[in-house]
Every structure is written in C-alpha cells, then in structure tokens.
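Listed in order, the protein sequences are those of chains A and B. Its first residue numbered 45, the first sequence is counted upward by one per residue in the working numbering. Its first residue numbered -16, the second sequence is counted upward by one per residue in the working numbering.
I should point out that these hints are in silico values taken from the structure, not numbers from a laboratory. Even for Gly, the Cβ is constructed at its ideal location relative to N, Cα and C. Treat each hint with caution, since some may be false.
Facing chain B, according to a computed beta carbon distance under 10 Å, are these residues of chain A, among others [said to hold, decoys possible]:
1. V81
2. R244
3. P345
4. Y353
5. R359
6. D362
Spelled out from the first residue to the last, the chains are:
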Amino acid sequence: MAKMTMVQAINLALQQEMTKDDRVVLLGEDIGRDGGVFRVTDGLIDRFGPQRVVDTPLAESAIVGMAIGMAVYGLHPVCEIQFSGFAYHTFHQLESHAARLRWRSQGRLSVPMVMRAPYGGGVRALEHHSESREAYWAHTPGLKTVIPSGPRNARALLAAAIRDPDPVIFYEAKGLYRAFREEVPEEEETLPIGRPQIVREGTDLTLIAYGAMVRPAMEAADLLQTEDGVETEVIDLLTLSPLDEALLLQSVTKTGRAVVIHEAPRSFGPGAEIVSRLMEGAFYHLEAPIARVTGYDLIIPLFSRERWYLPNARRIVDAARRTLSL
Amino acid sequence: MPRHDIEVADRLEYLSILDEDGRLDQPLEPQLSDDELKALYRAMLLGRRFDERMLDLQRQGRIGTFPPIKGQEASQIGAVFNLRPEDWFVPAFRETAAEIWRGRPLDSFLLYFNGYNEGAILPDHHKDLPIAIPVGSQVLHAAGLAWAASYRRTDEVVMTFFGDGATSQGDFHEGLNMAAVYQLPLIAVCQNNQWAISVPVEKQTHTPTLAQKAHAYGMPGIRVDGNDVLAVYAAAKEAVERARSGGGPTLIECVTYRLMMHTTADDPRRYRSEEEVDQWQRRDPIPRFAKYLLGKGTVGEALLEDIGNQVMQEIQAAVERAEERMKELGDPLDMFDHLYAEMPSSLRTQRSELERDVAAGDKEVSHG
C-alpha cells in the first residue's frame, strides 16, 4: 500500500487499466506531455505513447463525439474534459448519442466510454472553473454518473467505470485532488458502480453526501457527537445515477431523520431526487422533514465569496439541529 | 467535362511592415500622425507593464490566477486602434491590452482576478462584452452583435478576438460561416500565439495557416506579423473599412507568441524549450516599434522614458485603488444580485438563509 493523493490514485487506475487492456485509450486536451492541467495523466504518454494518450485539438465536443465512435468500434476511450465547466459542449453528443445508442440499436451497439471531468469549488479558480452541474448528467437516461470522494474509492470506481459496458460520467472534485492522502493498494481494486457506502454508523440522524461534501459531512457528524451527543450515520453515495436507494432507506428507517448535502444548486438538484426516494420509501419512518444543505440557486461566485456559497460543516450542523429539534 | 478544376478563392496574403529590427518597408508604411503613433506605443507599453505588475501581484498572493499577455500587445492594440467607441469589441480572455485601450479600468482587472465579480463590470455605455473563458464561444456572440448592427442599419462594426486553439472549436466555424452567409460587419482577429496550453499550433490544425480557414466560408483572410503593430493596424484598417462599408467579414491571423505561461497555474517548461522562447523574445513587438519611432523622430529617448514613467504611475495608482476597493467589497449577500432582472421569491428565501449564516458569524467554517 502506498499513500496517495486522489490525482495519483486516478493515475494509477488509468495506468493499470491501460496495461492490462489495449482497448483503453485516453483522449483530452493537454493530457500528453503536459500530463493534464491537474497532472492526472502525468507520465502516461511516456509509458503508453501518443497512440493511446491522445493530445487532441481544443474541441470538447469532438473529444466526446470521437470517443463514441471509438467505443462503438470496441475500444474503451477515457476522455478528460479539462474542467466540467467546459463539458457543456459535450452535452449534445452524450445526450443525443452516447446515452442512447444501445437503446436505439436494441442492444446491438454500445458505448463503453468514460468522460472524466474535475468539478466543484474551493480552489480559488477562474470563472467557469468551479461549477457543480452533475445533475445535468444524472438526469440523462442511459448515462451513469459516478463521483468519488477520496483517493481509494476514486481509483476503484474509475477502474470499474472503464470496464463498464455503458457510458460513465466520472466527476472528480478538484478540491479533493490534493487535499489528503490515503492508502491505496497496489493490486487491482474495483468498487461496484451504483452502490453507496455507509462511511460512519449512527442511530439518530443520516447525512447523505457525495464527492467533496463527504468531508464536511463527516466533520459535522463529529461536531454533532461532541457538542450534542448525537450519533450520526453518514452515507457516501459514490454513484449519483443510477441511484440505489436501498441503503438510504435502510438508514433513514433506522434514524428517522436525514440531511442531504451537495454543492450543486438546490433547485432540481440531486437532493430533490434523493429526498423524493426517501419520501416514497420511508415516509412512515420519518420523524422530521428531510433537510437539504446545498449551493444556492446561483452561479458560484468568484472566489472571494466562494466559501459562503459552498456548504460546510457548520451549515450542516445547523440543518441537522433544526431537523433533530422537530 | 465531368472532371475539371473549380476556381475557388485561394489568395492569401502575408503582411509585415516593420521587421524584427525595426526596419520599415517604406511603401507599406501606414499614414499615422505622431500623436497616433505615440498612442499606439503608450497603449502597448501600458499593457506590457500592467501584465508584469499583475504577475508580481499574483506571485505575492495579492491576486489569483490570470492569463498573461506578454508578447501579444501589437496584435491587440494594432487591431482595436481602428475601432470607434460605438463599435463593438468582443474579447476572449487574453486581450488585456486591448481591453484597457477600450477603456476598461486597470483596477477592474485586479478585482476580477482576485475573485470579485465586481471586476467584470464594464464602464457604462461601453459596447464591449466581458471576457469569455470558454474557448471560442464568443465568436458567435460577435456574429450576433454584427447581425443586430446591420439590422439596425448602423455602420458599426464588431471585432472579436480568439486564439489558435479556438479555431478547433465548432463555435469558431459556425460563427465565421454565419458572418459570411449574412455578410456581417465582423472582424475576427485570431491571435495565433503558437500554443494552446501545451498543444502547438502544428498539432492544432493540419493547415499551414489559420487565415486560410476564411476561404472555406467565402470571406477574405489575411496573415500578418502579429508582433508588428503597423502590419496589424494596416490589415485591421482594411478589414474595418470593408465591414463598415457593407463588404462583409474578414479573418485576420496575427502570428505572435505567448512569451509567458497560459495562465499563472501553468508551467510551460513542461512542454516547450527555452530556446524557442528566446527566439521569440527577439521579435518582441515593443522594442522594435520604439526603434521605429526613434528613427523616425516621432519620439526621443526622453519622451519614451517619460511615457514609461507615466505608465508606471498609472499602474501604481490602479493597484492602490483596487486594494482600497477590496477592503469595502466582499459582502457575501451581494452574490444574490443580478442573477435575474427581478429576484424570484425562492431566491429571496435563500438569501435570508445566507444572511442568517453570516449573522451567526460562521466562525467555525473549515471548508470552502
């Protein structure tokens, strides 16, 4: 085991999948000699050559559109979009084609591709570099949307995404890229797509988060324990779509209270779907309305005000206390 | 004759007036007054010195990430010098010198790049758009402005800027096609600075020039030495006159070089050689223009020094103004302003939530 940042762990997943499967090719802007703007693909061009680590012209729609063709041919392309704020160009190709070729061809064609993109705030970035728009992808039938929360699960989920027979949107919280290190095993490891995890057990309240929001949720759980003596369960979704609600229902059936956290804007955000599932499946076990702690329905402001936009442990604790008081 | 040649426009000019050493191709010399020449020099120098100052401030942690322009001043100033205030200017994000020429206050850059949305506010009545970071997207807005300007039967023109990387984006091709189909008063200025982050222009396109893309859309294209302010000026002047008189759009490719990093978050040593940078350093647009002005007698050494001092004072005053202003800005509740003409009630509710959080002090924030 080695201690790795999320950047290194993702690099390891790419490296291992490329080593064992020559169908895996990478496409993206500056992913070759530059190693990607976040250095996620650092060294891969030296190891696998420019045929498999393809520095493309600057055209996001072309990257994803070409990947669709490559995937239909039988390759497993992994696209890097430099920032998710530039992924809107790819929307047409993903929505109109990647997501529905299997269905349109009644199972004859498939698009086993991955689109990786850094998302979210917290790194003092320029405009268009901090958005959290995973709901767009999660809303598209036919796509899978996976969002890891740390080095180890990023590596395992990316390996699974690359092997997945369907198109996967893989959102990487850029605020986590170098935020902390974790033990990541050298031997291959995957995690199933579509399965959330309990990352802290508790009996009084359930916090549901994913990506960069798992850490403030864990911190809030600590605060609630030390300050209020509340035993909080924390669930890391890991996959947004398809959303498997079984674990969520089980947890909320036990605790009767839940707070859903995401940095994406609130309205029509992932929280709305999660809360609906809980209402449908655990209504009679609920002791209080389910709360949401989210980004506001705004464009994330430039970085001088960003910390006021992003959910944090204190906001989560406040919401939890309101829920617990009912 | 089932198989024969088809005549298509394939004429492409390259224009250079002032060479690397400041030597002039006399017959091509544009007719500019001494005041105009001095204004060109001052605008380029102001862009350069301000860029250098921003880099210092960034390295000191006093502003955030920004994209330096060093080396590209002539491509910008030579082109926008031809615009009237009532014309439209639609930048990408590496046109600081041109933006300043158009009247964007220096302090607004410092606010913007230090994370204050207020830095994107342009002075009232300015017919410019704020910078466009998503590469190439602004070309279509420029085409739309140009369409509206002709719909209103004005003689306004629209000038948009983008880089070599943008020419790979669909938006660029779509914008040029629209402009040509409707014969819009658009001047599309490509600052071909050789590198789109780490991708050299040879890997961006298979064509030997970017200017020739114009022919695919049926508009004139011209390639100029983008480090020669006189050549850029002359090419843009023709294009502006053509557009203003109803002659349709033009694509101008300015061959220049990004002497610094893509943004301050980039490390160009990873992908290009010092030798290459040195080579382009010798083609710096500013010393060659200074040499020309001195040779012509438009300015003397004393005046050049004087302009240099004025520019530095202007920058220093802007830095001080910006730093004062930043002390007043930053009220988090301001982020709710201006999303819609009228704030929806749901957003007013969210605003009160934030107000409550702010009032609570939020001292224990550890994320974000």
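Cross-check of the supplied hints:
Against a cut-off of 10 Å between C-beta atoms, the interface hint on V81(A) holds, since the closest Cβ of chain B lies about 7 Å away. Evaluation of the R244(A) hint against chain B yields a violated restraint, the C-beta minimum of about 17 Å exceeding 10 Å. Annotation: P345(A) was flagged as interfacial toward chain B, and the flag holds, the nearest CB pair being 4 Å apart, inside 10 Å. Checking Y353(A) against chain B: minimum C-beta separation of about 7 Å stays under 10 Å; hint holds.
Checking R359(A) against chain B by beta carbon gives a least distance of about 6 Å; that is within 10 Å, so the hint holds. Contact between D362(A) and chain B, as hinted, is supported at the beta carbon level, the nearest pair being about 8 Å apart and thus within 10 Å.
Hint compliance for this structure: hint 2 alone is broken.
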